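> Letter by letter, the chains look like this.
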Amino acid sequence: MEEARKGLLGHLNMLEMEANNLELQQQELRQRGRQEELSANLQALLSKRDQLKVEIKANTSLQKMRTLLDRTGVPYERNEDVDDLEDGSDNSQLLLMMARHTQLKDLLHAHHLIGGYDVLQTRKGKGVCVSLATAYEGVYLETYNLEIDLGSNLRICRHNIPPFIPLERLVTQGNMQTDIRDFLDTLSQYLNAYAGRKQQLHLTKEIHSSVQVAESNALCTILVLMFTIPGEKAETTLCTLQYADHTQRLPTRVNIESEDTALASSPQWKKNQALLLETPLHTALVTMKKTGSIA
Amino acid sequence: MDDSTKRLLQRLMRRIPSQMLQTILDKWAHLSREDLHSLDFTQPKWVLTEHLLALCEENGLRVKHITELEMIYIIENPNQGMWHGFQLLDAEEDAPSIELTQFKEQFKANLTELISHVSIKIKKHTDEAIWIRVAWGDNFTKPYHLKPTYVVHHLQTPYVFVTGVTSKHKPLLNQALVLATRYSSMKDAHLSGRNLTAIRDLLMRQYQQVFPTKHPKPLQEKNPVPRNPNIEKEQAENTENRLQMACEAFGDGTLPQLQKAVYKLETKFRDNSNKTLTGREEPFRGVVEFASTNLLESLRHCVSSGMASTPVTPLLSSITQKGRNYFVITDKGV
Chain Y
1 MEEARKGLLG
11 HLNMLEMEAN
21 NLELQQQELR
31 QRGRQEELSA
41 NLQALLSKRD
51 QLKVEIKANT
61 SLQKMRTLLD
71 RTGVPYERNE
81 DVDDLEDGSD
91 NSQLLLMMAR
101 HTQLKDLLHA
111 HHLIGGYDVL
121 QTRKGKGVCV
131 SLATAYEGVY
141 LETYNLEIDL
151 GSNLRICRHN
161 IPPFIPLERL
171 VTQGNMQTDI
181 RDFLDTLSQY
191 LNAYAGRKQQ
201 LHLTKEIHSS
211 VQVAESNALC
221 TILVLMFTIP
231 GEKAETTLCT
241 LQYADHTQRL
251 PTRVNIESED
261 TALASSPQWK
271 KNQALLLETP
281 LHTALVTMKK
291 TGSIA
Chain G
1 MDDSTKRLLQ
11 RLMRRIPSQM
21 LQTILDKWAH
31 LSREDLHSLD
41 FTQPKWVLTE
51 HLLALCEENG
61 LRVKHITELE
71 MIYIIENPNQ
81 GMWHGFQLLD
91 AEEDAPSIEL
101 TQFKEQFKAN
111 LTELISHVSI
121 KIKKHTDEAI
131 WIRVAWGDNF
141 TKPYHLKPTY
151 VVHHLQTPYV
161 FVTGVTSKHK
171 PLLNQALVLA
181 TRYSSMKDAH
191 LSGRNLTAIR
201 DLLMRQYQQV
211 FPTKHPKPLQ
221 EKNPVPRNPN
231 IEKEQAENTE
241 NRLQMACEAF
251 GDGTLPQLQK
261 AVYKLETKFR
271 DNSNKTLTGR
281 EEPFRGVVEF
291 ASTNLLESLR
301 HCVSSGMAST
311 PVTPLLSSIT
321 QKGRNYFVIT
331 DKGV
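Those protein sequences? They're chains Y and G, same order as listed.
First residue of the first sequence: 1, per this note's numbering; consecutive thereafter.
First residue of the second sequence: 1, per this note's numbering; consecutive thereafter.
Okay, chain G solo, but in the shape it has when bound (with noise of 0.2 Å):
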């Protein structure tokens, strides 16, 4: 095994976390039964690091089984990085009824033809989505292995989420995506976040929604403010109506984790007691920015509460609806 791959063996040990260690080493199988015994997951992980790179050498393991190692562990782990979506438009008339092999095949060729030393691995997970993992070289070197990209797609869906890639790779890796699924062009999102399975669920619509019913259940709130009863009886007709628009605009139960939402102002400045910004020409830039462990459910509770008005204004139900989490505000709209 030469240096580059010991290197990205040891920074992969030092990535993953000592109590997945073994469960990922069990998936991996590329160690035989003994080899995996005699590994004592009870030493400090610089010890296991030393043994783990003996083993692989006797085993003749290469870089294409250390990069495998390392797809399972983001594969197990998605939520860490920056994700961001994108959307591919224009379907031609055979994009519903693309199959795997099919689309591996193209993305493949594709790939290489553009750039010739790339490294690809591609992978179906039990959910339906692929995973590609792409390590970018260029004419002259050999892929470069500590820095890959990672690409999430859902077949027949035209939604892709990428991970890890740079200005300069990001043409090349959006013309094969296009080339390989059939549509005509692709577009960013708008939407990116640390958590994959949060986008994913943003985008696709897989969390719970909330549409008018015709017998509409009263919604109950889950995490119950102190109560005063009079004071209950009088608002309970408004809190139920908040709690429904909540609901509506941003769903039921839990809600995918997104961490911010960007709003990139470009208006004109308003305010007329104050002389020297108003009037000016150019729009004033601003940049709104609102940042949470788990932004959705924090929006859902300002306006169950009342804190925000209702019915929902449509720059915050945008997140939902559209399914981004960067806007660009102008005069003429969102």
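Chain Y with its partners taken away, still in its complex shape (with noise of 0.2 Å):
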């Protein structure tokens, strides 16, 4: 009996000291994969620190570069405050570009930002979106889009700029080739002055509609509108205004034709020709209802 009792005593112990034994294995088995995970993660942030340095001595001398290209407008290759550079010209004429490439995108989104033009790279660098916005009295109206195609010969290949703008004519003239900005500021030109005459019309239909448009045309050049002169006679007036220069948005000329003829040549309507020529169409006819020139 204690023969058989000391046998399962010790298999007991046995099976205990087994059990520490595995449990002391699996914990050093634990802790060097815990050791091994932990190098693996100092290796990976070294790593991304040496990575992050250099990308922030690259953007130092960037901004090193930038700040000197928009002071003088001209690089300097070598330079005392430049020391970091010791790769010579290739790293320096890199960088230029760089710094080049941010001023101009710079430039791109404040132009953008006041109403201009912004310019959008496509199809991987070959081509390019021009979109041109318009705007009238301080309120946004259209955006139009060009998509110019970048190879040896600038080529429009879309663009949603109505058809009464003359577009091949401005390519032409404006030498699209060799001078994209000139042509670019023209166009802008025409659409801005197109987008305010429209607006003008528009206010006057929504704001005076005493006034009736006798006669307009999609490019918004020529108007003609029909005044009632207010008194017993209740006369009508008719109204032409002439916009030859497209790039305008005031008339270049007033026509006033009544069925009392000496009303275009009395003084108030003298003044009101002047009026129309040097104001916009509605504020014009605000002051014309003002002076009781038209009801």
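Since the hints were made in silico from the structure, they are not lab data.
Warning: the hint list may mix true and false statements.
Distance condition first, Cα-Cα at most 27 Å in a straight line; then the derived BS3-like pairs of lysine-lysine [claimed, not checked]:
(1) K104(G) / K198(Y)
(2) K198(Y) / K123(G)
(3) K322(G) / K126(Y)
Pairwise CB distance ranges (calculated) [unchecked claim]:
(4) G151(Y) / E282(G): 32 to 38 Å
(5) E99(G) / C157(Y): 31 to 37 Å
(6) T213(G) / L42(Y): 42 to 48 Å
(7) S273(G) / H109(Y): 52 to 58 Å
(8) Q235(G) / C157(Y): 24 to 30 Å
(9) S273(G) / G125(Y): 35 to 41 Å
Being a predicted model, the structure only gives us computed values, none of them experimental.
We treat Cβ as the ideally placed atom computed from N, Cα and C, and that holds for glycine.
Assembly of the complex is requested from the two constituent chains, each provided in isolation within its own frame, with the hints serving as guidance.
Okay, structure coming up:
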């Protein structure tokens, strides 16, 4: 019986020892695994830190180059301030290009914010899309787009500019191949003037319902309005506005015809004629209503 | 009223659908109020026609009044018959400053010079379009009003839309238009369809075009097909790209309704497995025609659902980009 008990206890002791050993082994394994994991982490973090350091270095030199460019417009290739550049002229050329690139992008963004045109790269650098915004009296109106193919010759592949704006003529006259800024500026002028005239007509129709539009055209360069003169006779007067300069928002000629032939030569209407030549249509009509020239 | 006028009116009455009759007669304004009230629009059309004929006789209305009625009807419903687009080329110096009265006088003068017996009616519609109706006669006969030609032109644009012109009269019409608009020539824009508004919108780019922008808003598919969420997640970026490309090629929103696109092939046959046809000198002539009730919408759906490969082949995107639906493809290109 003692032996049996000894045997059983011994067996249990042995099992206990084995269990302890196993646990120790497992702990060691776990620790080793944890250690490996941590050292791998450490390696990754170290390499990331090195990468970030390099990026910071590149960015600071880019910033320095950019401030130089902004301040003077001329880059310095060798400068006492820029002493981190060890690789010589190749690197500095690249930095110069990058600085100019960021400068151009910021300039375009600023231009876009003040309502000018904006340029986007498309098709992985093989084309650009120019979006021209139009605005009148502080209100944004339509945006027109041009997609230009960047080959050996610049070519407009598609656009949504209305057909009465003479695009082909502007392309040849403005020399789109050599001076794209000139072309875009002129195009923007035409579009903004057209949008301005259209908006003036729209506001006139909305605000001044007593004034009737007898004739208008799509480009908004000819406008014939009918006024009613207050008085017992309630005569009508025809006013023709011609905008011969398509880049302007004000008319070049104002003609007044009336059933009462003396009306057109009266001093008040001479003043009105001058007013229509100098102020936008809807504001001119407000003044004319106030002075009692029209109903 | 003579027989031909009566026939004209009868034909016109048969064309105008009953529901529009009253509004069109109101617009015409050549019948007095009492006469209009006396017309009973619930009667069958042939009775109405007889009544109308009698009223017209009473009021002494003539051919020019009946043609006015026809013009009003066509302006209200332009999407019938086959319209062809033409493009004017090489504007002269004063083309941008042509105004309406000048154009009207010039056109009438030119056309009557070319052919002495024509009946011309010009009307300006509220959307800045000029509508011209021409009935052709020749040096010995009076103008034949049963087959008129209609022309639509927007001033200061280089596009003209014509329907109902025969090949005999086409060069005369072209010449008169070219002289009146102060351009130097006119060519076929290779765009035709039954729907005038569609071809006009396409040529004058009045549909909603899509351009690449800095902050692309995710375009929503208008008619979503039944979805499987797992497939959707994997394919989300591809679907968005395809949709963007489809909309850039064809437009967004409602598209102009074209019915057909025709590609005439004059290219050499190039399949090596067919020995008889390959290697011949002459081009293999064939015609590929796409037809649909709304062709652009179907093409856009093909691209956005992946049935047509992207980037969109220029053969298909030329329909919207160049505003044509008839192409001749040679080995050198379109």
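> The structure should be examined with respect to each hint, and the outcome stated for every one.
Structure-based check of each hint:
| no. | hint | result |
| --- | --- | --- |
| 1 | K104(G) / K198(Y) | 24 Å, holds |
| 2 | K198(Y) / K123(G) | 23 Å, holds |
| 3 | K322(G) / K126(Y) | 20 Å, holds |
| 4 | G151(Y) / E282(G): 32 to 38 Å | 33 Å, holds |
| 5 | E99(G) / C157(Y): 31 to 37 Å | 33 Å, holds |
| 6 | T213(G) / L42(Y): 42 to 48 Å | 45 Å, holds |
| 7 | S273(G) / H109(Y): 52 to 58 Å | 56 Å, holds |
| 8 | Q235(G) / C157(Y): 24 to 30 Å | 29 Å, holds |
| 9 | S273(G) / G125(Y): 35 to 41 Å | 40 Å, holds |
In the structure shown, no violation is registered for any of the earlier numbered hints.
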